[in-house]
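In order, the protein sequences belong to chains A and B.
In terms of the numbering used here, the first sequence opens at residue 1 and continues consecutively.
In terms of the numbering used here, the second sequence opens at residue 1 and continues consecutively.
Derived from the structure by calculation, the hints contain no laboratory data.
C-beta atoms are modelled at their ideal positions from N, C-alpha and C, and glycine is treated no differently.
There could be a bad hint or two in this list.
To be verified - Only some residues are given here: those of chain B computed to face chain A with a beta carbon under 10 Å:
1) Phe5
2) Thr31
3) Ile106
4) Ile109
5) Phe119
6) Ala138
7) Ser141
8) His180
As the list claims (entries may be wrong) - Dumping the calculated DSS-like pairs for lysine-lysine here, alpha-carbon to alpha-carbon at most 25 Å:
9) Lys172(B) x Lys169(A)
10) Lys18(A) x Lys6(B)
11) Lys167(B) x Lys6(A)
12) Lys172(A) x Lys167(B)
13) Lys169(B) x Lys169(A)
14) Lys169(B) x Lys52(B)
As the list claims (entries may be wrong) - Examples of chain A residues lying across from chain B (beta carbon under 10 Å, computed):
15) Gly67
16) Leu68
17) Asn78
18) Asn113
19) Tyr162
20) Val166
21) Lys172
22) His174
23) His180
Number of protein chains: 2
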Amino acid sequence: MVDLFKYCPHCAGPIVYKSIPDDTHPRHVCTLCNTVHYLNPKIVTGVLPIYKEKVLLAKRAIEPRIGLWNVPAGYMENGETVEAGAERELWEEAKAKVKNIRPHLIYSIAAINQVYMLFLGELVDINFSPGEESLEVALFSEDEIPWKELAFTSSAVCITKYFENVKLKSEKVHIGQYTHPKNL
Amino acid sequence: MVDLFKYCPHCAGPIVYKSIPDDTHPRHVCTLCNTVHYLNPKIVTGVLPIYKEKVLLAKRAIEPRIGLWNVPAGYMENGETVEAGAERELWEEAKAKVKNIRPHLIYSIAAINQVYMLFLGELVDINFSPGEESLEVALFSEDEIPWKELAFTSSAVCITKYFENVKLKSEKVHIGQYTHPKNL
Numbered sequence: 001m002v003d004l005f006k007y008c009p010h011c012a013g014p015i016v017y018k019s020i021p022d023d024t025h026p027r028h029v030c031t032l033c034n035t036v037h038y039l040n041p042k043i044v045t046g047v048l049p050i051y052k053e054k055v056l057l058a059k060r061a062i063e064p065r066i067g068l069w070n071v072p073a074g075y076m077e078n079g080e081t082v083e084a085g086a087e088r089e090l091w092e093e094a095k096a097k098v099k100n101i102r103p104h105l106i107y108s109i110a111a112i113n114q115v116y117m118l119f120l121g122e123l124v125d126i127n128f129s130p131g132e133e134s135l136e137v138a139l140f141s142e143d144e145i146p147w148k149e150l151a152f153t154s155s156a157v158c159i160t161k162y163f164e165n166v167k168l169k170s171e172k173v174h175i176g177q178y179t180h181p182k183n184l
Numbered sequence: 001m002v003d004l005f006k007y008c009p010h011c012a013g014p015i016v017y018k019s020i021p022d023d024t025h026p027r028h029v030c031t032l033c034n035t036v037h038y039l040n041p042k043i044v045t046g047v048l049p050i051y052k053e054k055v056l057l058a059k060r061a062i063e064p065r066i067g068l069w070n071v072p073a074g075y076m077e078n079g080e081t082v083e084a085g086a087e088r089e090l091w092e093e094a095k096a097k098v099k100n101i102r103p104h105l106i107y108s109i110a111a112i113n114q115v116y117m118l119f120l121g122e123l124v125d126i127n128f129s130p131g132e133e134s135l136e137v138a139l140f141s142e143d144e145i146p147w148k149e150l151a152f153t154s155s156a157v158c159i160t161k162y163f164e165n166v167k168l169k170s171e172k173v174h175i176g177q178y179t180h181p182k183n184l
């Protein structure tokens with residue numbers, strides 16, 4: 001992304017990446033209109049739906065990681081709250097709704113400038129079905145989780161910490177990070 | 001931001017904002033190289049430092065809201081975790097360090113595409129001092145909080161929920177949002 005940010009989106013002037021006064025970080029600055037363009041991490045928002053101590057996962061119908069299971073989640077959009085974004089993604093991917101949505105995991109992947117904000121919520125009913133981005137949607141108890149067929153490490157941590165909380169009767173909200181640059 | 005995104009940062013081609021196949025939202029698309037540019041919310045990350053049930057606030061030396069008090073926070077940067085960003089901002093604004101950093105408040109401002117991710121942490125020591133972006137740094141007990149001189153609603157909610165948690169002996173992590181488009 002940094003290397004590809006070559007022209008100013010405001011005026012099409014050439015961009016230079018340089019240190020600027022009173023700033024801790026170098027920035028992308030337009031050499032024509034002088035606008036400073038700040039590039040920041042993106043939020044992936046999602047919710048792990050719970051039903052009688054089972055959790056709802058969706059099998060991806062799209063790349064990357066097509067055919068693997070995931071906590072329903074996707075990029076947060078402008079103009080929404082992070083929890084509304086999680087509920088939107090759940091509806092898009094699994095045609096499911098939750099109540100009592102609450103924070104569960106904040107998981108940073110610094111290498112690719114992403115922050116997963118994953119919530120918990122109780123499924124309102126079990127009338128779920130695959131959305132356009134999913135091949136299949138299903139409930140899993142802890143011993144049914146397809147650990148080797150999970151799409152992303154964020155899902156594995158999210159599910160692990162949920163069942164850990166259940167055992168400990170805890171409502172702890174977790175922080176996590178992915179530190180290995182390969183095999184995201 | 002949407003109105004100003006007129007030229008492709010990759011090739012300087014003209015951008016159109018339009019619906020695209022298999023996407024729920026209209027996007028900014030380059031008419032020359034066809035790149036789809038996704039504009040997403042930004043994270044403001046920060047930490048409310050605690051010392052003997054007092055909290056550390058910083059008085060802003062920069063606009064907006066110069067001269068008003070704030071929970072030390074700022075935009076998360078690419079290449080860091082959200083909690084590391086909070087610790088960096090605390091150091092920049094108050095030359096302070098915390099231990100046991102943990103989530104406290106996720107506060108969305110949909111009208112301006114921001115998500116505040118505010119943590120709690122215990123001050124390591126009281127050798128704090130104003131950074132370049134602060135006029136003053138000080139510890140406040142609950143009855144000393146300068147409620148009418150707080151810079152942002154996120155700070156007011158963050159502090160309120162902290163003292164609420166103390167009274168309830170709770171470690172609840174809160175969700176909040178600012179719904180009024182004016183007077184942010």
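Each hint, compared with the structure:
1. Phe5: holds, 5 Å
2. Thr31: violated, 13 Å
3. Ile106: holds, 6 Å
4. Ile109: holds, 9 Å
5. Phe119: With Cβ-Cβ at 8 Å, under 10 Å, it holds.
6. Ala138: This interface hint is violated because 23 Å lies over the 10 Å limit.
7. Ser141: violated, 26 Å
8. His180: violated, 14 Å
9. Lys172(B) x Lys169(A): holds, 14 Å
10. Lys18(A) x Lys6(B): Holds, at roughly 23 Å.
11. Lys167(B) x Lys6(A): Distance ~53 Å between Lys167(B) and Lys6(A) Cα, so the pair is violated.
12. Lys172(A) x Lys167(B): It holds: about 18 Å lies between the C-alpha atoms, which stays within 25 Å.
13. Lys169(B) x Lys169(A): Roughly 16 Å between the alpha carbons, so the hint for Lys169(B) and Lys169(A) holds.
14. Lys169(B) x Lys52(B): holds, 15 Å
15. Gly67: With a minimum Cβ separation of about 18 Å from chain B (threshold 10 Å), the hint on Gly67(A) is violated.
16. Leu68: violated, 19 Å
17. Asn78: This hint holds: Asn78(A) lies near chain B, its Cβ roughly 4 Å from the closest one there, short of 10 Å.
18. Asn113: holds, 4 Å
19. Tyr162: Hint violated; Tyr162(A) Cβ to chain B Cβ min 15 Å, cut 10 Å.
20. Val166: Violated: closest Cβ of chain B sits about 17 Å from Val166(A), beyond 10 Å.
21. Lys172: holds, 7 Å
22. His174: holds, 8 Å
23. His180: His180(A) check fails; min Cβ-Cβ to chain B is 14 Å, beyond 10 Å.
Taken one by one, the earlier hints fail for this structure at numbers 2, 6, 7, 8, 11, 15, 16, 19, 20 and 23, listed in ascending order.
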